[in-house]
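Read off the chains here:
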Amino acid sequence: MKHACKPEQAAEMIPDGSVVLIGGFMAVGTPERIMDALVARGARNLTVVANDTAMPGKGIGKLISAGAVSRVIASHIGLNPETQQKMISGEIEVELVPQGTLVERIRAAGVGLGGVLTKTGLGTPVEDGKPTVEINGETFLLETPIRGDFALLAARQADYVGNLEYSLTAHNFNPIMALAAETVIAEPQLIVPVGVISPDSVKTPGVLVDHLIERAA
Amino acid sequence: MKHACKPEQAAEMIPDGSVVLIGGFMAVGTPERIMDALVARGARNLTVVANDTAMPGKGIGKLISAGAVSRVIASHIGLNPETQQKMISGEIEVELVPQGTLVERIRAAGVGLGGVLTKTGLGTPVEDGKPTVEINGETFLLETPIRGDFALLAARQADYVGNLEYSLTAHNFNPIMALAAETVIAEPQLIVPVGVISPDSVKTPGVLVDHLIERAA
Amino acid sequence: MEAKEIIARRVAHEVKTDMLVNLGIGLPSLVANYLPKDVHVFFQAENGVIGLGARPPEGMEDPDLTDAGGGFVTALPGAASIDSAMSFGLIRGGHLDMTVLGGLQVDARGYLANWMIPGKMVPGMGGAMDLVAGAKKVVIAMVHTAKGAHKILPECTLPLTAQRRVSLIVTEMAVIEPTEAGLVLKERHPDVSVDEVIAATGASLIMHGDVPPMQLT
Amino acid sequence: MEAKEIIARRVAHEVKTDMLVNLGIGLPSLVANYLPKDVHVFFQAENGVIGLGARPPEGMEDPDLTDAGGGFVTALPGAASIDSAMSFGLIRGGHLDMTVLGGLQVDARGYLANWMIPGKMVPGMGGAMDLVAGAKKVVIAMVHTAKGAHKILPECTLPLTAQRRVSLIVTEMAVIEPTEAGLVLKERHPDVSVDEVIAATGASLIMHGDVPPMQLT
Chain A
1 MKHACKPEQA AEMIPDGSVV LIGGFMAVGT PERIMDALVA RGARNLTVVA
51 NDTAMPGKGI GKLISAGAVS RVIASHIGLN PETQQKMISG EIEVELVPQG
101 TLVERIRAAG VGLGGVLTKT GLGTPVEDGK PTVEINGETF LLETPIRGDF
151 ALLAARQADY VGNLEYSLTA HNFNPIMALA AETVIAEPQL IVPVGVISPD
201 SVKTPGVLVD HLIERAA
Chain B
1 MKHACKPEQA AEMIPDGSVV LIGGFMAVGT PERIMDALVA RGARNLTVVA
51 NDTAMPGKGI GKLISAGAVS RVIASHIGLN PETQQKMISG EIEVELVPQG
101 TLVERIRAAG VGLGGVLTKT GLGTPVEDGK PTVEINGETF LLETPIRGDF
151 ALLAARQADY VGNLEYSLTA HNFNPIMALA AETVIAEPQL IVPVGVISPD
201 SVKTPGVLVD HLIERAA
Chain C
1 MEAKEIIARR VAHEVKTDML VNLGIGLPSL VANYLPKDVH VFFQAENGVI
51 GLGARPPEGM EDPDLTDAGG GFVTALPGAA SIDSAMSFGL IRGGHLDMTV
101 LGGLQVDARG YLANWMIPGK MVPGMGGAMD LVAGAKKVVI AMVHTAKGAH
151 KILPECTLPL TAQRRVSLIV TEMAVIEPTE AGLVLKERHP DVSVDEVIAA
201 TGASLIMHGD VPPMQLT
Chain D
1 MEAKEIIARR VAHEVKTDML VNLGIGLPSL VANYLPKDVH VFFQAENGVI
51 GLGARPPEGM EDPDLTDAGG GFVTALPGAA SIDSAMSFGL IRGGHLDMTV
101 LGGLQVDARG YLANWMIPGK MVPGMGGAMD LVAGAKKVVI AMVHTAKGAH
151 KILPECTLPL TAQRRVSLIV TEMAVIEPTE AGLVLKERHP DVSVDEVIAA
201 TGASLIMHGD VPPMQLT
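These protein sequence lines are chains A, B, C and D, in that order.
All residue numbers for the first sequence refer to UniProt numbering, where the first residue is 1 and numbers rise by one.
All residue numbers for the second sequence refer to UniProt numbering, where the first residue is 1 and numbers rise by one.
All residue numbers for the third sequence refer to UniProt numbering, where the first residue is 1 and numbers rise by one.
All residue numbers for the fourth sequence refer to UniProt numbering, where the first residue is 1 and numbers rise by one.
Isolated chain A, as found in the complex:
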């Protein structure tokens, strides 16, 4: 059984300089209370791995505005002008990764694969400096796994053992990120007794989840 923790406690667990995988797509499926707590704590120098950096005032955008982030690995930053400005000024280093490659690189780390062999990015700037592998006469780009110190997830509901369910388009990167970090912290909208979530509805087994954020006040 998990002990629920406050968002502030979660933020204390995450040292400056950590690599954090953060669920969400344009802030849908992003753990907002953990974002707020990281900002309140004055977190610095985080490497954020996420699909995007949302927009100012939402999700990961809050971390960007607060100056908590020094590096971003994402597929898209176009809707957050602050990320773009900070990239140009050199405050934030940005690695752009095709979205499908990003999720497979995180999954590779999570399921113990040595890398990802993909056609995505071939013949584009994504290929620069990366090895290619020839398989049966076809060329594939070799992309390396991405692992986090922490995964910060949003979920629809959790039970007391940490089993997670997600809703509609708020799944996105959350179930995969749950596999790929040393410490997994989930912020569910609801926490329900064991047995309320059927085994067949569990998308992330509780054994992967280290901490649950307590119910909102």
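FYI, nobody ran anything at the bench for these hints, they're computed from the structure.
Careful, some of the hints might be misleading.
What the hints assert, rightly or not - Residues from chain D that face chain A, not an exhaustive set, calculated with beta carbons under 7 Å:
| # | residue |
| --- | --- |
| 1 | LEU20 |
| 2 | ILE50 |
| 3 | GLY69 |
| 4 | GLY71 |
| 5 | PHE72 |
| 6 | ALA75 |
| 7 | ALA79 |
| 8 | SER81 |
| 9 | ARG92 |
| 10 | GLY93 |
| 11 | GLY134 |
| 12 | ALA146 |
| 13 | GLY182 |
This one's a predicted model, so the numbers in the text were calculated from it and none came from an experiment.
A virtual CB, placed ideally from N, CA and C, is assigned to each residue, including glycine.
Since chain A is already given, all that's left is putting chains B, C and D on it; use the hints.
Then chains B, C and D, alone, in the frame of chain A:
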């Protein structure tokens, strides 16, 4: 919307010599009615890709007994003495693949990856004749994708558009195989109206499913 | 008729019943408005749903259900929630029948550039590279020229999105099919002459006999 | 006390609260019977469930819920259904805290052979190679000798299961820890002398001072 077909029609669709991915683990989660229909049709020379060949009289074991299979790619054949006998007599060619590697090889075909980079099998006979790839000083075995002409799946229930739900340990290889064949045929225990299965409960989107087997008489 | 409407109307004719289709943000998303009544397709939003529907009634928006642009949407009966791994597994694994994307440039090889202007605009590729590398059919929906400058060129000057020939280019002036031999002019807008299309195009166009008018109803 | 029971009782002490544990078929599965009352763990059955429970009441068996040996089981409250990709993702990605497996041979390097006897028994490796390559802790539960023949050898003569040093060997005579320096004799059965263990072991054993008796309660 899908049109339900009879198991015999499904068996007619599958020519002798096809590569068939078949869901199931010791016949749990295997489409038994399709198995029966393939036996009834006198199918020959099939390449079966599956976790195992079950036991005589159950699941894939029926195909083995009927002489429908000339090649097996599986992780385990130990509980079906007929498979072992036919392997020794040369009637069936068997490729043994570690279970985790097998599911990743099928997934790689299904999601467009060039192969699988894994530590499983290194230093064992599984490595023989396969290339290795060095990534950041670590050695990985390169395993190639496995694609089927057909995927034959069992599911708990389907709706009219082919969305599938699975139950408990009857999931096993079914959801991954749904991605990796030219033609996907699913045998659900129940067929329910559209809307009965919530979007969040769908494990295999109907767009992947080509044919549903009609309700049992 | 506005250029965007012409393009969207023409692209709509490429959409056939039972296809799984992904529409890019902006111009491509307009295609959904012009589908023939008898065409039933599932639209995928790469952020996590198959069976995307129109904007919900006022006050009924679900913050966990948006499209890839972040706008509120609905899910149609028969919809399926998918995480990013499944979403891009479908795209990269060849399960997506068609994607419609905007373009900055397309060249005589049929290569697309649509994700960055060095030194000016670096929003990230999002899912574009995966979509172009993986979809069965890639339709580029774009205006023919940009402020008088050619967008269809002998060779792209902007970084490529993928090293894969797109299937079709649809502009307000013409329908062009990239082939091994070069760009084939298939159709022209009824009010535009072949000479006008040639003048507006930076790459050579191949013609096989008469160039019929585009169908816009 | 029978050899099997001795082994299972001793291995049970390796299981700690909150671990995710996979027990192999046969002898290893007995470990579940001897867990201390205050130890709460989730057992994984690699065929698809986390939270495996004992055999169900007569007449309440679910054909869709079996263990990896094909026997009927139950699912405990808080259980999660997992498909083969998730199951082996957990195993290969380092999420499985401990696996207990049988062994044919273990050698001075700590390498295990447990999946085939060339020319005699080729059942297939099932999940064994993945489990040994991927689990955090690999415990080998086996009888010390086979009909008088050594099973703990300078170097395995049978094909290896993995090129990875196992964590612990538990037999009815001793507990042995493979290390960089060789096999360390950690404990002996209370009724067995160190000399008897040495005589029954084909590889050299290292001792650091006294060898305490195994805990069997």
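Now for the hints, and whether the structure bears them out:
1. The restraint placing D:LEU20 at the interface with chain A holds, with a minimum CB-CB distance near 4 Å, inside the 7 Å limit.
2. Given the 7 Å rule on beta carbons, the hint for D:ILE50 holds: about 5 Å separates it from the nearest Cβ of chain A.
3. The beta carbon of D:GLY69 comes no nearer than 20 Å to any beta carbon in chain A, farther than 7 Å, and the hint placing it at the interface is violated.
4. Of the supplied interface hints, the one on D:GLY71 is violated, with its beta-carbon coming no nearer than about 18 Å to a beta-carbon of chain A, more than 7 Å.
5. At a threshold of 7 Å, the smallest CB-CB gap from D:PHE72 to chain A is about 16 Å, leaving the interface hint violated.
6. Hint status for D:ALA75 relative to chain A: holds, with the closest Cβ pair at about 5 Å, below 7 Å.
7. Taking 7 Å as the C-beta cut-off, the interface hint given for D:ALA79 holds, the closest approach to chain A being about 4 Å.
8. This hint holds: D:SER81 has a C-beta 4 Å from the nearest C-beta of chain A, less than the 7 Å allowed.
9. Given the 7 Å rule on beta carbons, the hint for D:ARG92 holds: about 4 Å separates it from the nearest Cβ of chain A.
10. Below 7 Å, beta-carbon pairs count as interface contacts, and D:GLY93 has one with chain A at about 4 Å; its hint therefore holds.
11. For D:GLY134, the interface hint holds, the least distance from its beta-carbon to any beta-carbon of chain A being 6 Å, beneath 7 Å.
12. For the restraint placing D:ALA146 at the interface with chain A, the shortest Cβ-Cβ distance is roughly 32 Å, beyond the 7 Å limit, so the hint is violated.
13. The beta carbon of D:GLY182 comes no nearer than 28 Å to any beta carbon in chain A, farther than 7 Å, and the hint placing it at the interface is violated.
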